[in-house]
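Asks: Given next are the chains, with one letter for each unit.
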Amino acid sequence: MDLILVTMIDGLVTGLLLFMLSSGLTLIFSMMGVLNFAHASFYMLGAYFAYQISRYIGFWPALFIAPVLVGLVGAAVERYGLRRVHKYGHVAELIFTFGLALLIEEVVQFVWGKGHVEYNAPESLQFALFSIADYEIAAYKIFMIAVAAAIFIALLLILTRTRVGMVIQAALTHPDTVEALGHNVPLVFMGVFGVGSALAGVAGVIAGPVLGTFPGMAVVLGSIVFVTIVVGGLGSLWGALVASLLIGWLTTFAASYNIGMADLLGALGIEPPADLSESLLRDIWTLSLPQVGPILPYLLMVLVLVFRPYGLFGNRDA
Amino acid sequence: MRSFMRQAAFAAFAGLAAGAATAADNVRIAFIDPLSGPFASTGTNGLHQFEFAAEKLVNEKGGVLGGRKFEIVPFDNKISPKESLIQLQVAIDQGIRYIVQGNSSGVANALTEAIEKHNKRNPDKRVLFLNYSAVDPALTNDKCNFWHFRFDANADIKMDALTDVIKQNDAIKKVYVIGQDYSFGKAVAAAAQRFLAEKRPDIEIVGNELHPIGKVKDFTPYARKIIASGADAVITGNWGADMLGLGKAIIEAGFKGPIYTYYAAADGITAAFGESGKGILRLVSEGQLNPPPSDRVVEYARAFKEKYPDGNLSQTRIANVIEMLARAIEQAGSAEDVVAVGKALEGMEHDSLWGGKLFMRPQDHQLIQDVHILVHTNEGVTFDFDNSGYGLVVESTVKMASMDAPTTCKMKRP
Numbered sequence: 007m008d009l010i011l012v013t014m015i016d017g018l019v020t021g022l023l024l025f026m027l028s029s030g031l032t033l034i035f036s037m038m039g040v041l042n043f044a045h046a047s048f049y050m051l052g053a054y055f056a057y058q059i060s061r062y063i064g065f066w067p068a069l070f071i072a073p074v075l076v077g078l079v080g081a082a083v084e085r086y087g088l089r090r091v092h093k094y095g096h097v098a099e100l101i102f103t104f105g106l107a108l109l110i111e112e113v114v115q116f117v118w119g120k121g122h123v124e125y126n127a128p129e130s131l132q133f134a135l136f137s138i139a140d141y142e143i144a145a146y147k148i149f150m151i152a153v154a155a156a157i158f159i160a161l162l163l164i165l166t167r168t169r170v171g172m173v174i175q176a177a178l179t180h181p182d183t184v185e186a187l188g189h190n191v192p193l194v195f196m197g198v199f200g201v202g203s204a205l206a207g208v209a210g211v212i213a214g215p216v217l218g219t220f221p222g223m224a225v226v227l228g229s230i231v232f233v234t235i236v237v238g239g240l241g242s243l244w245g246a247l248v249a250s251l252l253i254g255w256l257t258t259f260a261a262s263y264n265i266g267m268a269d270l271l272g273a274l275g276i277e278p279p280a281d282l283s284e285s286l287l288r289d290i291w292t293l294s295l296p297q298v299g300p301i302l303p304y305l306l307m308v309l310v311l312v313f314r315p316y317g318l319f320g321n322r323d324a
Numbered sequence: 017m018r019s020f021m022r023q024a025a026f027a028a029f030a031g032l033a034a035g036a037a038t039a040a041d042n043v044r045i046a047f048i049d050p051l052s053g054p055f056a057s058t059g060t061n062g063l064h065q066f067e068f069a070a071e072k073l074v075n076e077k078g079g080v081l082g083g084r085k086f087e088i089v090p091f092d093n094k095i096s097p098k099e100s101l102i103q104l105q106v107a108i109d110q111g112i113r114y115i116v117q118g119n120s121s122g123v124a125n126a127l128t129e130a131i132e133k134h135n136k137r138n139p140d141k142r143v144l145f146l147n148y149s150a151v152d153p154a155l156t157n158d159k160c161n162f163w164h165f166r167f168d169a170n171a172d173i174k175m176d177a178l179t180d181v182i183k184q185n186d187a188i189k190k191v192y193v194i195g196q197d198y199s200f201g202k203a204v205a206a207a208a209q210r211f212l213a214e215k216r217p218d219i220e221i222v223g224n225e226l227h228p229i230g231k232v233k234d235f236t237p238y239a240r241k242i243i244a245s246g247a248d249a250v251i252t253g254n255w256g257a258d259m260l261g262l263g264k265a266i267i268e269a270g271f272k273g274p275i276y277t278y279y280a281a282a283d284g285i286t287a288a289f290g291e292s293g294k295g296i297l298r299l300v301s302e303g304q305l306n307p308p309p310s311d312r313v314v315e316y317a318r319a320f321k322e323k324y325p326d327g328n329l330s331q332t333r334i335a336n337v338i339e340m341l342a343r344a345i346e347q348a349g350s351a352e353d354v355v356a357v358g359k360a361l362e363g364m365e366h367d368s369l370w371g372g373k374l375f376m377r378p379q380d381h382q383l384i385q386d387v388h389i390l391v392h393t394n395e396g397v398t399f400d401f402d403n404s405g406y407g408l409v410v411e412s413t414v415k416m417a418s419m420d421a422p423t424t425c426k427m428k429r430p
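Protein sequence lines correspond, in order, to chains A and B.
One point on numbering: in the working numbering, the residue at position 316 of the first sequence is 322, and numbering is uninterrupted.
One point on numbering: in the working numbering, the residue at position 240 of the second sequence is 256, and numbering is uninterrupted.
Some hints could be false.
To be verified - If you want the footprint, here are the derived chain A segments under chain B, 3+ residues with CB under 8 Å:
1. 99-111
2. 115-124
3. 157-168
4. 214-221
5. 236-249
6. 264-274
Hint data in this document are derived by calculation from the structure and do not stem from the laboratory.
A quick note: this is a predicted structure, and the numbers were derived from the prediction, not measured.
From the three backbone atoms N, C-alpha and C, an ideal C-beta is built for every residue, glycine too.
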């Protein structure tokens with residue numbers, strides 16, 4: 007029972023981290039129709055910027071400065087890169103963002119080296135806040151939850167309660183009409199791209215100390231973010247949240263319980279073959295849940311695409 | 017245009033001739049390891065250590081055979097076995113007689129097989145394979161051959177030494193074994209089970225699992241399971257990002273016992289663990305930097321740091337490779353007759369730069385040496401890693417580890 011509760015908290019942390027990445031990506035995709043392959047690279051940039059800044063003036067200023075820098079980089083990429091490529095169609099845009107991801111990875115390796123960098127949580131958060139039975143919950147985890155929750159509430163309020171939010175929502179579906187009403191739609195695009203990148207940057211700043219800050223960190227998280235927005239429904243903030251939490255809990259619970267495939271199939275009344283070494287399906291019988299955990303989100307994506315192609319909360323046909 | 021072509025051709029020819037001239041003087045050693053891609057930092061750091069060792073231990077002392085210098089020739093294999101075989105062929109075509117490689121047992125397996133075939137077919141162009149890091153036990157057992165020499169302690173020897181230390185620690189009653197889901201992770205888990213059952217049957221292995229390699233984003237669930245199992249110690253063969261992620265998660269979850277590892281040091285990992293891993297992380301490895309065993313080590317390590325301020329002297333065995341090869345060449349009286357050099361290496365006893373004896377076991381060409389359990393700390397560290405102030409200090413030593421361990425090697429000698 008204790009372990010379930012602890013795993014719920016761990017899964018929540020993973021899920022909210024995913025949400026910070028997917029919320030920006032889903033907004034960018036639904037507005038510009040660009041599948042931004044470089045999104046996870048902005049997450050990586052956030053971690054590295056924060057590492058560099060924190061070496062001089064500490065973690066707390068870095069928490070605010072690094073995302074702003076990443077946001078500026080993102081806005082510049084939209085203004086001087088994507089906007090120019092846009093007229094050549096979606097394929098060109100795709101290739102542009104793909105190349106950008108490779109470029110950012112190389113630049114990071116060039117500047118900070120190929121190994122891990124020493125980026126740690128601030129001293130003031132390096133203690134166990136409370137423990138459930140024998141399981142300690144680090145204060146930093148609770149801090150991550152708080153930051154992610156604050157961002158979600160702020161985003162929701164901005165998108166639904168402010169004038170800017172309404173313009174963005176209108177520009178999502180009817181950019182021409184919005185432009186005809188006198189709004190500067192390219193500026194809105196640039197803003198959304200910048201803010202989306204900054205959100206990924208925040209995720210990098212707070213995840214870097216926990217998941218490690220190294221040149222491969224974007225690749226590790228990159229594909230799962232796409233899965234999240236497809237499952238949640240393109241362009242839906244609620245969808246991104248629900249899908250992120252779902253995937254966070256799914257992977258965390260799968261890794262936490264050593265249930266073998268043989269147990270699962272046994273429960274379904276299927277008996278293992280007498281001689282496993284001869285059986286063609288022996289690999290399936292010897293698998294355990296933690297081993298298949300990482301592919302479960304992709305399985306979920308396939309199921310969602312089959313039964314609800316526009317995602318759990320999506321409101322238009324993908 | 018034509019005259020330009022002629023000049024270019026002449027220049028190229030002259031260059032070739034010059035190359036051939038230096039080749040006759042120098043003893044060239046082909047370094048085949050990743051110099052680009054995700055493992056480039058490990059490979060490049062190894063190359064620097066080889067170049068430094070050749071310069072410091074051989075060339076500055078006047079070379080071998082009355083003045084011939086060691087020259088390290090780098091080849092980038094991108095850590096792919098296929099690419100390694102191409103580079104091996106290039107090296108052989110250039111007339112190189114000595115191949116050194118270390119990263120990945122998969123590559124080492126491919127190389128040792130190819131070299132055995134090559135030597136059989138080309139008795140006048142034979143080469144030796146000096147493996148400085150690939151620790152798959154098979155290389156000195158079922159797959160052994162006369163041309164392969166391993167200078168690192170293999171995975172079984174390391175586990176043997178590690179369990180010797182665990183045996184003496186009565187506080188350890190429960191052990192959790194976790195590793196990456198591939199051949200090396202499985203070999204570590206199997207060896208841990210075997211040796212623990214032999215030496216401490218009272219120890220309970222409360223967990224033995226493999227996780228997908230390079231795919232786990234957050235190791236917290238694994239850490240929770242380790243805490244839940246009540247383990248007193250953790251054994252893992254993880255490396256790279258998987259090592260750092262697992263170690264950090266376990267420590268953060270409140271684990272206080274020792275985490276025994278193979279590769280939790282250098283390449284940024286020492287710096288990234290920093291204070292959090294102090295006194296918890298242990299490493300089983302050969303070679304001693306802290307406390308420095310001799311003035312020679314101090315001088316050697318200082319000079320290395322001066323030349324490569326960002327480098328780590330993380331593979332101490334590289335100095336052993338160079339010193340023993342130089343001695344073997346002197347003994348054989350020739351650098352081209354690799355059979356004589358191989359026979360000189362076989363059974364060679366050598367005083368290591370890092371203290372202790374080295375013995376190249378003739379039955380299987382596995383170097384027998386002192387294996388240390390090192391602890392990650394910032395106290396008593398003369399030479400740190402990653403310029404972090406943290407480094408590895410020798411905690412206990414198993415002298416001439418696995419000296420009498422059996423081998424399945426049936427070596428055919430030329």
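Asks: Does the structure break any of the earlier hints, and which numbers would those be?
Replies: Numbers 1, 3, 5 and 6 - these are the hints that the structure violates, sorted from lowest upward.
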